[in-house]
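Visitor: Can you make the complete structure from the sequences, with help from the hints?
My numbering applies: residue 1 is where the sequence shown begins, and numbers increase by one.
These aren't lab readings, by the way, just hints derived from the structure by calculation. Honestly, I wouldn't trust all of these hints.
Stated by the list, open to error - Here are the computed lysine to aspartate or glutamate pairs in the DMTMM-like style, where the Cα-Cα straight-line distance is at most 25 angstroms: (1) K14 / D91; (2) K85 / D18; (3) K85 / E59; (4) K14 / E46; (5) K15 / D66; (6) K85 / D52; (7) K15 / D37; (8) K15 / E98; (9) K85 / E55; (10) K85 / D66; (11) K85 / D37; (12) K14 / D66; (13) K85 / D63; (14) K15 / D49; (15) K85 / E98; (16) K85 / E46.
All values derive from a computational prediction rather than experimental measurement.
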Amino acid sequence: MNRNGHDARSAMMKKLRDIDFSVSPFIVIWEITQACDLACRHCRAEAIDWRDPRELTTEEGLDLIDQVHSMGAQIMVLTGGDPAKRGDIFDLIRHGSELGLRMAT
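Guide: See the structure below:
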């Protein structure tokens with residue numbers, strides 16, 4: 001492993017030692033939509049062709065990301081359905097990244 005990789009790993013390991021996982025999750029997974037144009041046999045998601053009106057709004061999603069960050073979580077995964085079916089996906093990812101969360105889809 002190169003020096004930069006070692007430094008990043010060391011910093012992450014130190015950060016992890018300081019987290020009380022009895023009150024703070026390491027990773028949060030949010031199914032941001034059930035909408036998906038595919039019907040993959042292997043997928044466990046209950047995909048539908050449209051976005052469900054009960055999904056969180058953009059503002060509610062940004063607030064959820066704030067809450068996840070304040071709990072001390074390190075990683076947030078946005079899943080679905082197909083997360084790209086949400087027009088605000090990049091806003092959600094950007095917001096989490098700006099807070100220091102490692103964002104994944």
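Visitor: Each hint should be assessed against the structure and marked as holding or not.
Guide: Verification of the supplied hints:
Note on K14 and D91: the hinted pairing is violated, with a Cα-Cα distance of about 30 angstroms set against a maximum of 25 angstroms. Between K85 and D18, the direct Cα distance comes to roughly 37 angstroms. Violation of the 25 angstroms bound is thereby established for this hinted pair. About 17 angstroms separates the Cα atoms of K85 and E59, which keeps this hinted pair within 25 angstroms; it holds. Taking the CA atoms of K14 and E46, the gap is near 39 angstroms; set against the 25 angstroms cutoff, the hint is violated.
Under the criterion of a C-alpha separation no larger than 25 angstroms, the hint pairing K15 with D66 is consistent with the structure, at around 19 angstroms. Of the pairs offered as hints, the one joining K85 and D52 holds, with about 11 angstroms between alpha carbons and a cut-off of 25 angstroms not exceeded. At most 25 angstroms may separate the alpha-carbon atoms for a hinted pair to count; K15 and D37 exceed this at roughly 39 angstroms. For the hint pairing K15 with E98, the CA-to-CA distance comes to about 18 angstroms; that is within 25 angstroms, so the pair holds.
For the given pair, K85 sits about 12 angstroms from E55 by alpha-carbon distance, which is consistent with the 25 angstroms threshold. A threshold of 25 angstroms between alpha carbons decides the hint, and for K85 with D66 the separation of about 22 angstroms falls inside it, so the pair holds. Our distance criterion of 25 angstroms between C-alpha atoms is met by K85 and D37, whose separation comes to about 9 angstroms. Restraint check for K14 and D66: the C-alpha separation of about 23 angstroms stays at or below 25 angstroms, so the hint holds.
Between K85 and D63, the direct Cα distance comes to roughly 20 angstroms. Compliance with the 25 angstroms bound is thereby established for this hinted pair. Between K15 and D49 the alpha-carbon distance is near 41 angstroms, which puts this suggested pair outside the 25 angstroms criterion. Straight-line distance between C-alpha atoms of K85 and E98 comes to about 22 angstroms, which keeps the hinted pair within the 25 angstroms bound. Between K85 and E46 the alpha-carbon distance is near 15 angstroms, which keeps this suggested pair within the 25 angstroms criterion.
Checked against the numbered hints given earlier, the structure breaks hints 1, 2, 4, 7 and 14 and satisfies all the rest.
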